[in-house]
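> Sequence:
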Amino acid sequence: MKRRNFFKNAAGIAMVTQLTPNGEAGTEKPIESFKFDRKQWEVMGNGFQAMPDRKKTVSYDVVVVGAGMAGICAAVASARNGAKTVLINDRPVLGGNASSEIRVTVNGVAHLKPKGLPERETGIIEEILIENRARNPQESYPVWDHVLYDFVTRESNLTLMLNTQAMDAVMKGDRITAARCWQLTTETEFMVQGQVFIDCSGDGLLAAKAGAIFRTGREAASEFDEKYAPKEADGWQMGASILMQAKDMGRPMPYTPPAFVIKYDAEKAHDRAINQFIDGFWWVELGSEFDIIDEQEDNRHKLMGYLHGVWDYVKNSGEFPESENFALDWVGALPGRRESRRFIGDFI
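In the working numbering, the protein residues as written are 1 to 348.
By construction, these hints were calculated from the structure, which means they are not laboratory data.
Predicted model only: the values in this text are computed from it and were never measured.
From the three backbone atoms N, C-alpha and C, an ideal C-beta is built for every residue, glycine too.
Each hint can be trusted.
Lysine-lysine pairs mimicking DSS-like chemistry, simulated, CA-CA at most 27 Å apart:
{"id": "1", "residue 1": "Lys-84", "residue 2": "Lys-55"}
{"id": "2", "residue 1": "Lys-302", "residue 2": "Lys-263"}
{"id": "3", "residue 1": "Lys-268", "residue 2": "Lys-227"}
{"id": "4", "residue 1": "Lys-56", "residue 2": "Lys-84"}
If you anchor each label on the Cβ, the simulated ranges turn out as follows:
{"id": "5", "residue 1": "Arg-135", "residue 2": "Arg-80", "range": "16 to 22 Å"}
{"id": "6", "residue 1": "Ser-59", "residue 2": "Glu-127", "range": "26 to 32 Å"}
{"id": "7", "residue 1": "Lys-172", "residue 2": "Pro-142", "range": "39 to 45 Å"}
{"id": "8", "residue 1": "Arg-133", "residue 2": "Gln-195", "range": "33 to 39 Å"}
{"id": "9", "residue 1": "Pro-258", "residue 2": "Ser-140", "range": "25 to 31 Å"}
{"id": "10", "residue 1": "Val-143", "residue 2": "Ile-348", "range": "35 to 41 Å"}
{"id": "11", "residue 1": "Asp-298", "residue 2": "Gly-82", "range": "43 to 49 Å"}
{"id": "12", "residue 1": "Asp-53", "residue 2": "Asp-168", "range": "15 to 21 Å"}
{"id": "13", "residue 1": "Asp-298", "residue 2": "Asp-346", "range": "32 to 38 Å"}
{"id": "14", "residue 1": "Arg-180", "residue 2": "Arg-342", "range": "22 to 28 Å"}
{"id": "15", "residue 1": "Arg-180", "residue 2": "Glu-127", "range": "30 to 36 Å"}
{"id": "16", "residue 1": "Trp-282", "residue 2": "Val-143", "range": "20 to 26 Å"}
{"id": "17", "residue 1": "Glu-219", "residue 2": "Gly-82", "range": "36 to 42 Å"}
Please put together the full structure from these sequences, using the hints given.
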C-alpha cells in the first residue's frame with residue numbers, strides 16, 4: 001500500500017471510530033449522549049486506563065531544594081558525608097542562574113586585583129569548574145548543563161529529582177517533616193520526608209511555607225549604617241534580567257524586531273555601555289517595589305521586549321556599523337532573578 005493511500009485509509013478508519021463510539025456502524029450520535037460519561041474518555045488503546053492519581057512517599061536524611069550552585073554543593077557535600085540525600089529542582093537542568101536557561105557565569109573570584117593573583121575557587125565549586133574546563137573547553141552552556149548533571153548523578157548517596165517543585169512544608173510543631181512536591185513531567189505528587197531540609201531555591205518557597213522569617217525590599221540607611229541605602233525603608237527589590245548572545249555570521253545580517261519589542265531610549269539608559277555583542281547585556285533588568293515573584297510573568301514579557309529593543313537599536317539605529325554581520329544566536333526566555341525573599345538566620 002502506498003504511503004498516501006495508507007494515511008487516507010487511516011483517516012477514514014479514525015473517522016468511523018469517532019462516529020461509532022458504541023460500535024453502531026453508520027450512526028452518528030450527538031455528543032450530549034456521552035459527554036458526561038467519563039469512562040468514554042478513559043478507554044485508551046485496548047485497555048482501561050483510570051484517571052491518573054499518582055502519589056508517592058519517599059524518605060531521605062537530607063532534602064535539598066533548589067539546584068543552583070549552592071544547592072549542588074550542599075547536596076554533594078551531604079552525600080559525601082554519608083547522608084542519604086535528595087536534590088530537588090524545578091527546572092529540567094541544573095545550575096540555576098548559571099544554567100543554559102539563564103547563562104550567568106560562575107566567576108566569583110575572576111576579577112581579583114592587583115592583576116596576576118591566582119583566580120581560583122576552593123572546595124566543591126572548584127572541582128566543578130576544573131572538570132568543566134577539561135570536558136567543555138569550548139565553553140558551551142548546553143554541555144555545561146551535562147557536566148553538572150554528571151557531577152551530581154554519579155554520587156552514590158544522592159538522588160536527583162528534576163522538574164519538581166516543592167510546594168508546601170508539612171510541619172510537626174516548628175519542624176519540617178516533609179516537603180509536598182509536584183513533578184510536572186510524571187504528573188506525580190511526592191511527599192518527600194527528611195530529617196534536615198535545606199532551601200537553596202532562591203525564592204525560598206519551602207522556607208516561607210515553614211514559617212521562616214524573611215525580609216523583602218531595602219532597609220533604611222540607619223539600620224546598618226549604610227550610606228548608599230535609602231533614608232526610609234522601601235519595597236524595592238533588585239531586578240531580574242534576560243540575557244542574549246550574538247554571533248558574527250561573516251556577512252550582513254538584517255534584523256526585524258518582533259511585535260512585542262519595547263523601543264530603546266538611549267537617553268534614559270544611564271550611560272550603559274554597548275561595547276560588545278557576543279555575550280549580551282547584563283543591564284537589561286527589571287525590578288519591583290511590590291512583589292517581584294507575583295510579577296514574574298509580566299516582567300518576563302517586558303524584559304523580552306526591552307532586550308529586543310536594545311538589539312534593534314544596535315542593528316538599526318546606525319550607531320553601531322560594526323554590528324552589521326552580527327545576528328542573535330540565543331535569547332533567554334527565563335529571567336534570572338537577583339532578589340526576592342531574604343531569610344533571617346541567627347545572624348544578618
